[in-house]
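**Q** Chain order of the listed sequences is P and C.
Position 237 (the first sequence) corresponds to 236 in numbering that gives the first Met the number 0; numbering is contiguous.
Position 2 (the second sequence) corresponds to 1 in numbering that gives the first Met the number 0; numbering is contiguous.
If you're looking for bench data, these hints aren't it; they were derived computationally from the structure.
Be aware that one or more of the hints could be misleading.
[Claimed, not checked] If we take Cβ atoms under 7 Å as the criterion, some of the chain P residues that face chain C in the derived model are:
(1) His50
(2) Lys54
(3) Glu78
(4) Ile90
(5) Gly92
(6) Asn104
Only a predicted model underlies this, so the values are computations on that prediction, with no experimental measurement involved.
Note that CB positions come from ideal geometry on N, CA and C, so glycine has one too.
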Amino acid sequence: MMLNIENLHAGIDGKEILKGINLQVNAGEVHAIMGPNGSGKSTMSNVLVGHPSYKVTEGRVTFKGKNLLDMPAEDRSHEGLFMSFQYPVEIPGVSMTNFMRTAINEKRKYLGLPAMAPTDFLKLIKEKRDLVKLDAKFMNRSVNEGFSGGEKKRNEIFQMAMLEPSLSILDETDSGLDIDALRIVADGVNRLKSPETSVIVITHYQRLLDYIQPDVVHVLYQGRIIKTAGPELALELEERGYDWVIKEFEDSQR
Amino acid sequence: MNPAQNYIELFQDNRALVERGSAGVMNSVRDAALKCLERYGLPHKGLEEYLHTDVSAWFEPDWGMNLARLDMPVDLAQAFKCSVPNLSTQLYFLANDTFASSDTASRNSLPDGVFAGSLREAAINHPELVEKFYGRLADMEKPGIAAVNTLFAQDGFLLYVPDGVVIEKPLQLITLLSSKVDLMVNRRILVVLGRESQAKLLLCDHALAANQYLTIQVAEVFAGEGSMLELYDLEETHYANRRISELYVNQEADSNVEIDYVTLHNGQTRNTVLSTFSGRGSRLSLNGIATIDKKQHVDNMTFVDHRVSDCTSNELFNYVLDDSASGAFAGKVLVRHGAQHTESQQTNRNICLTREARMFTQPQLEIYADDVKCSHGATVGQLDDKAMFYMRQRGIPESEARMMLMQAFVGEVIGRVSLEPLRDRLNRLIEKRFRGELTQCEGCRACR
Chain P
0 MMLNIENLHA GIDGKEILKG INLQVNAGEV HAIMGPNGSG KSTMSNVLVG
50 HPSYKVTEGR VTFKGKNLLD MPAEDRSHEG LFMSFQYPVE IPGVSMTNFM
100 RTAINEKRKY LGLPAMAPTD FLKLIKEKRD LVKLDAKFMN RSVNEGFSGG
150 EKKRNEIFQM AMLEPSLSIL DETDSGLDID ALRIVADGVN RLKSPETSVI
200 VITHYQRLLD YIQPDVVHVL YQGRIIKTAG PELALELEER GYDWVIKEFE
250 DSQR
Chain C
0 MNPAQNYIEL FQDNRALVER GSAGVMNSVR DAALKCLERY GLPHKGLEEY
50 LHTDVSAWFE PDWGMNLARL DMPVDLAQAF KCSVPNLSTQ LYFLANDTFA
100 SSDTASRNSL PDGVFAGSLR EAAINHPELV EKFYGRLADM EKPGIAAVNT
150 LFAQDGFLLY VPDGVVIEKP LQLITLLSSK VDLMVNRRIL VVLGRESQAK
200 LLLCDHALAA NQYLTIQVAE VFAGEGSMLE LYDLEETHYA NRRISELYVN
250 QEADSNVEID YVTLHNGQTR NTVLSTFSGR GSRLSLNGIA TIDKKQHVDN
300 MTFVDHRVSD CTSNELFNYV LDDSASGAFA GKVLVRHGAQ HTESQQTNRN
350 ICLTREARMF TQPQLEIYAD DVKCSHGATV GQLDDKAMFY MRQRGIPESE
400 ARMMLMQAFV GEVIGRVSLE PLRDRLNRLI EKRFRGELTQ CEGCRACR
């Protein structure tokens, strides 16, 4: 199993947001996590990648059989966990090339491999840039600085392609994207899909799921997964909203 | 006792000795310096300009001075080995406050009419030239760093570039503190650029032996009409050095001056820059970096005087403070009545890496003209948490991410350095500094 979350409770600043999440993701699967604002979607992704502001109070998470919650954020990355940020961060003064070279070589160091030869690195950059149609000029710029909204998201997928993660979490990757950018991003994600890799798509809307087909759709509400079904659920949510799922859940709790 | 009094008496008792070891032109201004010191004393904490650096306390120890001009031999080739050899410069040395003739200095090739060498020798051989400039900018109407220096300075360095002469290759003046006893050093630098002339001068301040030092460096810079000067001042000394430097700059019309101060390693440092635009259409780029830790202290005070119209000044000082280091920056820009079309920007950014590190910043702008474009700003903060986490998510360990963010922060200033090999050298030195591989001064074998 790729990812196994059992009874995960977590929060920030002493406030519990996740109240017992259970989720299993197998290799090769695409899961969508949907839900209204404030349901805990971003908390969940931040907890999984090890954001230091979030505290886990209960539960277990294993990633490819290893205890994920014990690892610092950088080791989770080295083990193959990637998150595409909803708001990619600008880092003035750190060039994309330097940033990527450091990231790749730190991962290789973790895996016991020598640093990548400069020519191989440049070749890799070229190949992965083409995947998301990211112009070469961005490589000399500071990370995300002066990138448009769409360029930032393409840059996230470019980094994902460079690092070849086994599990990618796309946190609201569709927000702020026009239809063309959305297509390029989704196309990039789809081309990176393989039987050995999994994707968790966190999204508010059905829109992105037209391009990245999920195998399983979950609804997150008040820190719990209240419904899990096939891809048809996303379409139904798009049509009818969340109210009926919430009502169904509340009725079942009585 | 008032510490100034000690120095007044010391001078009066040893006047003959001081003057014998110097030159007539330098001796002729000592009376004025004496008067200034008697009247104003030394700078102390009660003055706003010295609020964060109690300079007068530095004068209290009974410092040794080499007034008799005893030869204090420094094996230059042995003592100093540049860590980045690609920086091809014409080398000159000052051992403490004495110009040291060396093989390298005599091999330097300079265009006709250029003088680079001992200020004392120049004052003896070309008194009419030195007299025109020496002591003309140093301010004797205030508590007296310039006064102490003028009182005791016996030698130093002169760079004179005649009208229209361009020196392509940078000149590098390495000042070495080396002594068997605790020592006070009075170093004097004079830079004169004629009309349409150009030069680049790099000052590297090093300390060889781990004695206590009080270094006083006063420099006067005359940038003639249409001239271009790049002046770099890199301090790489150690914890037992106290350094006070005062730099006076006068810019004639259409001149272009760049000044970059880098404090890479030090003890306690106070740098003062007083720059005046006296001719229209001139530009000044004034920048600084301080990377300090432990109990190190750096105080940079700048004063840019826009006396005439159509001049531009750009200032950027970035500090990184670790452990219980303390820093201060005070920058004043004065735009006088009639100095229309002045453009001035002043920025001071600081990162305190610990809760114990302290930074005091005071940007000031005083404007008496109505058609100007001026701005200033200052920030004190920590490294960006969001950027740090983003980097860690991509697999860059926390320590490495910190390093990259600090490098980037300082890199903003390094990017303004015009001399490319120096930029590369600075990037490498700064990285070493942050990695803790630069415990004392890099170039000196004695420190290793």
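**Q** State for each hint whether it applies.
**A** Going through the hints against the structure:
1. At its closest, the beta carbon of His50/P sits 6 Å from a beta carbon of chain C; the interface hint therefore holds under the 7 Å criterion.
2. At a threshold of 7 Å, the smallest CB-CB gap from Lys54/P to chain C is about 15 Å, leaving the interface hint violated.
3. Interface hint at Glu78/P: violated, since its Cβ lies 10 Å from the closest Cβ of chain C, which is beyond the 7 Å cut-off.
4. A least Cβ separation of about 5 Å between Ile90/P and chain C falls short of the 7 Å threshold, and the interface hint therefore holds.
5. Among the interface hints, the one on Gly92/P holds; its C-beta lies about 3 Å from the nearest C-beta in chain C, closer than the 7 Å criterion.
6. Interface restraint check for Asn104/P: the shortest CB-CB distance to chain C comes to about 9 Å, outside 7 Å, so the restraint is violated.
The structure fails to meet hints 2, 3 and 6 from the earlier list, while all remaining hints are met.
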